[in-house]
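S.K.: Which chain is which? The protein sequence lines are A and B, in order. Quick note: the first sequence, position 322, residue 322 per my numbering, numbers continuous. Quick note: the second sequence, position 336, residue 336 per my numbering, numbers continuous.
Don't read these hints as lab results, they were simulated from the structure. Keep in mind it's a predicted model, so treat the numbers as computed, not measured. One or more hints might be untrue.
Every beta carbon over 12 Å from chain B, so not counted as near; a handful from chain A, in silico [stated by the list, open to error]:
(1) MET147
(2) GLY167
(3) TYR176
(4) THR224
(5) PHE232
(6) MET238
(7) LEU249
(8) LYS267
(9) SER313
Selected chain A positions facing chain B (in silico; Cβ < 8 Å) [claimed, not checked]:
(10) PHE169
(11) SER173
(12) GLY175
(13) LEU219
(14) ASN229
(15) GLU231
(16) GLU234
(17) ALA236
(18) GLY237
Estimated spans, in silico, between C-beta atoms of each pair [what the hints assert, rightly or not]:
(19) VAL209(A) x ASP411(B): 52 to 60 Å
(20) ALA36(A) x ALA133(B): 50 to 58 Å
(21) TRP354(B) x ALA156(A): 29 to 37 Å
Even glycine gets a Cβ: it sits at the ideal position worked out from N, Cα and C.
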Amino acid sequence: MLKEKTVKNIKSGVAAFCNALIPVLLAFVGGALIIAAARENPFSVYATMLGRALFTPDGFMRVLHVAAPLILTGLAIGVTFKANVFNMGVEGQMLLGGFVAGIIGASMRGVPAAVHIPLCLTAAVFSGALFALVPALLKAYFKVNEMVVTLMLNYAAVEILAFLAEGVFRDPSAGYVSTDMIAGSAAFGRLFGTNLTAFFLIALAAFAVMAVVFKKSRLGYEITAIGKNPEFAEAAGMNVRKKIIAVMLLSGALAGLAGAGWMLGEKYRYTLDFSGSPGLGWDGMLVSLLGSHSVFGILIAAVFYGALKVGVSQAALFTKIPNEIIFVIQALIILFLSVSYLSKNVKFREGAGRIFGKIKGIFKRKKGERTDEQHTL
Amino acid sequence: MTAIETRKLTKKFGDFTANNEIDIRVERGEIKAVVGENGAGKSTLMNMLYGLLQPSSGEILVDGEPVRFASPSDAIKRGIGMVHQHFKLSPNLTVFENVVLGSEIRRAFAPLKPLCLLPFVRKRPALNDKFAARRLPLPLIDAAAQKAAVERTIQKYNLGLDAAALVKNLSIGEKQRVEILKMLYRDVQILILDEPTGVLTPREADELISSLKELRRGGKTVIVITHKLREVMDASDSVTVIRGGAVVGEAKTFDTDEKKLARMMVGRDIERPKTGGAPVAGGVVYEVKNLSVVAPDGRKAVDGVSFNIRAGEILGVAGVEGNGQSELVKALTGLMTVAGGTVLKGGADITDAWPKAVRENKIAVIPEDRYGQGLCRDMTVAQNAIAGYHRDRQISRFGLLSKKAVIRRRDGLVKNFDVRLCDPDGDVSQLSGGNAQKLIVARELSSNPDVLIASQPTRGVDVGSIEFIHKKLLELKDAGKAVLLVSSELSEIMNLSDRVIVMYKGAVVGEAPRGADGETLGLMMAGVMPGGG
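Based on the sequences and whatever the hints tell you, model everything.
M.R.: Spelled out as structure tokens, the structure:
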């Protein structure tokens, strides 16, 4: 009995892994074509990327450091997907968290680090959550589509923060738009002389908490029920409205924390390219998708994506490949991810046959010929 | 003449044998009923005949020829069509658009037709016809031709549908006829219907049966999967009984009766539920006064309903479906807002209580919509087994669920209520209708409620499970609890209830004591007041 169960678990795990791996591989193939078009050898470029990112201690620590905010933004999005609400505003909430942490970090001097850092983090968490509260209330009480509101609020956040950074909070001594540098007492120190900071540990802790919430807690149970069948959840006495607000707050808080950590551990000041391009919040969406919205999947996907980011920046140093190649690969991953290659319980040969059949079907589908899918629809 | 036949047809899912060497023969032009409990393997068998599943071994013969179906379209080509229990229709399309979907009729034009005007061509009929018949199909749909073709089929089989009506505006019975029409339009000779009456009102079911007889007159062969024995007796020519994936009996319908069939299906005699012990004289536990509910469309769905239930009493609510029973139950269980009136439990006012508060007041609920409110298909049996009771102290402490306690709860429910699972860790979607319903009943009754609100507790459930659920309801009554039983199945109401109220257009139009005859209740259900002119 137990053995059978383990086998089944492993099988479904492997299927989930393959579903994430196949699009990644296909994206790499697509990327290779572009690299080849730039007259570089894709194999040596990929070797440099992976080698520098994963197989040097320095590189790997850097990967983990870069992965930390991705874990948090990935979780922020994964949480809402579980409840079948969609917080597309993680980027904005993250920026706000980062900005608030930066201002508090810069404006207080002579405070011990043990007070200063937690203060920055807490303020960021609250501001992220508060910002997410707007779409949450609109959704819960007025049935306003949260996807639209959160998406649009991103632009509001970007522009308002740009305005503040250019005006009130601008560091006049900087040659570009930037807030004041945060105080030393607010910055995360490097751990043991590596690239790693305490931020990674905080992200891991947040991951652990979320894992418990989803695997063991009543809240996780209720969120899952709401996500799968809200009518059922309500009939079973769960307050769907309250839980949706809670999920959005949690998501905003995680996003705020991601921004604060990135500020205190990497950027130290708010600039207009604080979250990079396409932005940590958007990266989080890919991470969550790649990890099929499961907590452990998100952790693995975040580290993978961190490696990709670090690898590309390394490759840009050693080859003629521009940084932008990462966008190509990211876009291709998202494109290929939208296909589900293996279902959870399917046997492998069947699965492989099905993929082959799908590909064949694309070429073979004659006009006028009725396919089963159309029929069973 | 045999229309379809199977020889030693076997289907295995892993180690589980769903169908074991099934031999079944269906004669051309008969109505064959395939009966069996839920999970007996009827649907698996039919899905193999329709090409949705492929047999592990054995063969299928159509008109004496062995066939292999890779997909339903293969089956349709061989003249076999199936109507599923859950309809597969597009609500925003018209009837004829739904019917032709996938085999649309295209506009065509005859490029050579102008040549027919030439006197030279006109003199030669052969050439004339040839030019007129040379048609090029265009990538445009010929809606008028489609509508006409579908209308012809409707008329031919006397289905009484409007080809131009939007499917979303049709009643459930009409939607089902559209599904049948879809198959007839494709000129199938053998029609398989999976639990066709499960979703129909008794009247619609009768209409369906007469349509099926009409089809038989037209020379079609019909296979009906069902577990409603009354319909088997009414409609079919022969019956095959399946139990545990094997054929356990076959008979001509006129040679058998409901009792014999029930025994074959379950493997033992079915006890009729005893109509309770002595009438009770407990105090009033649950009371509804002048309750009104307004539906989202502004209609007064429940209009001044009052009743009370005493301890140790089952109050039946009879009525044709759609007369406010659903809204009444939703309002009582916290899923709809009360527009007026009060609800009292043990004297305390619980009007408009949230679902959570309803349960905290020791009121258990068996909802009408099994997979909507009762269960979540995509969650595990264990997760469903605690739904609504996941805040119990045994289950969760400090916001954390105890996995052990959850599993223990599941195992207890499964054992005490005889819920049959293939995979204890699997999702609820694996359960047959009867077992899913037993899981709900198990969950709700195990909470030791004072009041049970049961809405359509045995709809679409097999005979064995109906017997079981009825027994449990009577046990609850004997334990001195109050039960509100809402059902559109009149025999269920009459067998179990101590008192019956009848709802018509949202209001209670009559009350009858135990033992009232079905005719009186039937008249009240149709809105005819007893004794009134």
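S.K.: All hints are to be evaluated individually against the structure, with a verdict given for each.
M.R.: Consistency of the hints with the structure:
No beta-carbon of chain B comes within 12 Å of the beta-carbon of MET147(A); the shortest separation is about 22 Å. Once the 12 Å rule is applied to beta carbons, GLY167(A) is consistent with being away from chain B; the minimum gap is 44 Å. For TYR176(A), the shortest C-beta to C-beta distance to chain B comes to about 47 Å, beyond the 12 Å cut-off, and the non-interface label holds. Not every CB of chain B is more than 12 Å from the CB of THR224(A) (nearest about 7 Å), against its label as outside the interface.
Interface exclusion of PHE232(A) from chain B breaks down, the closest Cβ pair being 5 Å apart, not more than 12 Å. Under the 12 Å C-beta cut-off, the non-interface status given to MET238(A) relative to chain B is violated; the minimum distance is some 8 Å. Under the 12 Å C-beta cut-off, the non-interface status given to LEU249(A) relative to chain B holds; the minimum distance is some 16 Å. With a closest Cβ-Cβ approach of about 35 Å to chain B, LYS267(A) is found to remain outside the 12 Å limit, as its non-interface label requires.
The beta carbon of SER313(A) is kept farther than 12 Å from every beta carbon of chain B, the shortest such distance being approximately 41 Å. Contact between PHE169(A) and chain B, as hinted, is not supported at the beta carbon level, the nearest pair being about 39 Å apart and thus beyond 8 Å. Given the 8 Å rule on beta carbons, the hint for SER173(A) is violated: about 49 Å separates it from the nearest Cβ of chain B. Annotation: GLY175(A) was flagged as interfacial toward chain B, and the flag is violated, the nearest CB pair being 51 Å apart, outside 8 Å.
Against a cut-off of 8 Å between C-beta atoms, the interface hint on LEU219(A) holds, since the closest Cβ of chain B lies about 6 Å away. For ASN229(A), the interface hint holds, the least distance from its beta-carbon to any beta-carbon of chain B being 4 Å, beneath 8 Å. The restraint placing GLU231(A) at the interface with chain B holds, with a minimum CB-CB distance near 5 Å, inside the 8 Å limit. Hint status for GLU234(A) relative to chain B: holds, with the closest Cβ pair at about 6 Å, below 8 Å.
For ALA236(A), the suggested interface contact is upheld, since its CB lies about 4 Å from the closest CB of chain B, less than 8 Å. The criterion of a C-beta within 8 Å of any C-beta in chain B is met by GLY237(A), whose closest approach is roughly 3 Å, and the hint holds. Checked against the given bound of 52 to 60 Å, the beta carbons of VAL209(A) and ASP411(B), roughly 30 Å apart, lie outside it. For the pair ALA36(A) and ALA133(B), the supplied restraint of 50 to 58 Å holds, since their beta-carbon distance comes to about 56 Å.
As the Cβ distance of TRP354(B) to ALA156(A) is approximately 35 Å, the hint placing it in 29 to 37 Å holds.
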